[in-house]
Structures are given as structure tokens and as C-alpha cells.
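Novice: Sequence:
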Amino acid sequence: MLGLDNIERVKPGGLELKDRLVAVNRVTKVTKGGRAFGFSAIVVVGNEDGIIGHGLGKSKEVASAIAKAVEDAKKNLVKVPVMNHTIPHQTTARYGGADIFLRPASHGTGLIAGGAVRAVLESAGIHDILSKSKGSSNPHNVVKATFKALLDIRRPEEIARMRGVSLSKVFNG
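Residue numbers (our numbering): 379 to 551.
Read the hints as simulated data drawn from the structure, not as lab findings.
Some hints here could point you the wrong way.
The calculated BS3-like cross-link candidates involving lysine-lysine, where the alpha carbons are at most 27 Å apart (straight line), are [as the list claims (entries may be wrong)]:
| # | residue 1 | residue 2 |
| --- | --- | --- |
| 1 | K389 | K457 |
| 2 | K446 | K396 |
| 3 | K438 | K453 |
| 4 | K452 | K526 |
| 5 | K526 | K396 |
| 6 | K436 | K410 |
| 7 | K526 | K446 |
| 8 | K457 | K396 |
| 9 | K438 | K410 |
All chains should be modelled from the sequences, with the hints used to inform the complete structure.
Specialist: Here it is as C-alpha cells:
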């Protein structure tokens, strides 16, 4: 998907996935016989428990473009680390012109994110997080940058194992 090493892919079978429409784009092809309209839709699916995917669908009708996008998203499911409805540590990522910053927040803060970033984080089941989207607001690149940021996050257990220390030592120094 994005060429990262620590991606944990997931099969869609048996999962209760909810889809969120991020954006629909109408494109026009001008021909000798007039204008031909087409639609592209970008969708994020997730089980609100750390499993998410995104997809793009194109068609002459909006409904079939969305359906194709959902099918594409189910083919690209990945697992992201979610701890206590937030992320373990802050991260940044860039995809194209979109630059995303994510920072964990304490319980009760809420989901401080807008647009495409919010759709991705809601689908992942993250309820308390601070985010900032800089640069391009193109929903395609923002979704991909958010995915890249979430996939860059390392689990505390993994870090403790790599350092050869206990889990409490990772958090408390």
C-alpha cells in the first residue's frame, strides 16, 4: 500500500466494518456529443477497533463509485495501534503535499481533527487525539498521509522488546 515494513494486513472476513465517505469528485469529459460526467469517491472503512482501510472508486454514477470504493477499501485493511482510545506516541507524515501531525491526548479530550483526518481516526476507533493537517487539503493525499502516520506508530510492547526492558520502563523511564 504505502511501502512500510511494519504493516499488519488484515482479511475482511468476519469483521463488522463501517464505511465513511470522505469525498466525491465529479469529473467532466467534453466530447463532440456534449459533456460526459463521471464520479470518483474516496471511502474509509474500519471496525472502530484499530482496523482500517481506504479505497477509491470511479464510475458514471455516484452510488456505484461509492460501492467500488468500499470494495477497494476492504482489500487494503491494516491494523493500527490504539491504546485507551488514543495513540501510543506522537507522529508526523507527509504524502504528496499533505502534511499530518498526530499527538496522543488524555481521556475526555475528544477527536480534534477535521475532514478527511477525522474520518480515518473515527474508523480506527480513536476518540482522544490532537491533529493538525498542514499543506494540501486534497482529501486523497490527506487520507494517505494519515494512514502513513498511523502505520509509522510503534507499539510499546515492540519497543520494550527491542530495548530489552520491561514495559513499565518504556513509559516511566
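Novice: Which hint numbers does the structure go against, in order from smallest to largest?
Specialist: Of the numbered hints, all hold.
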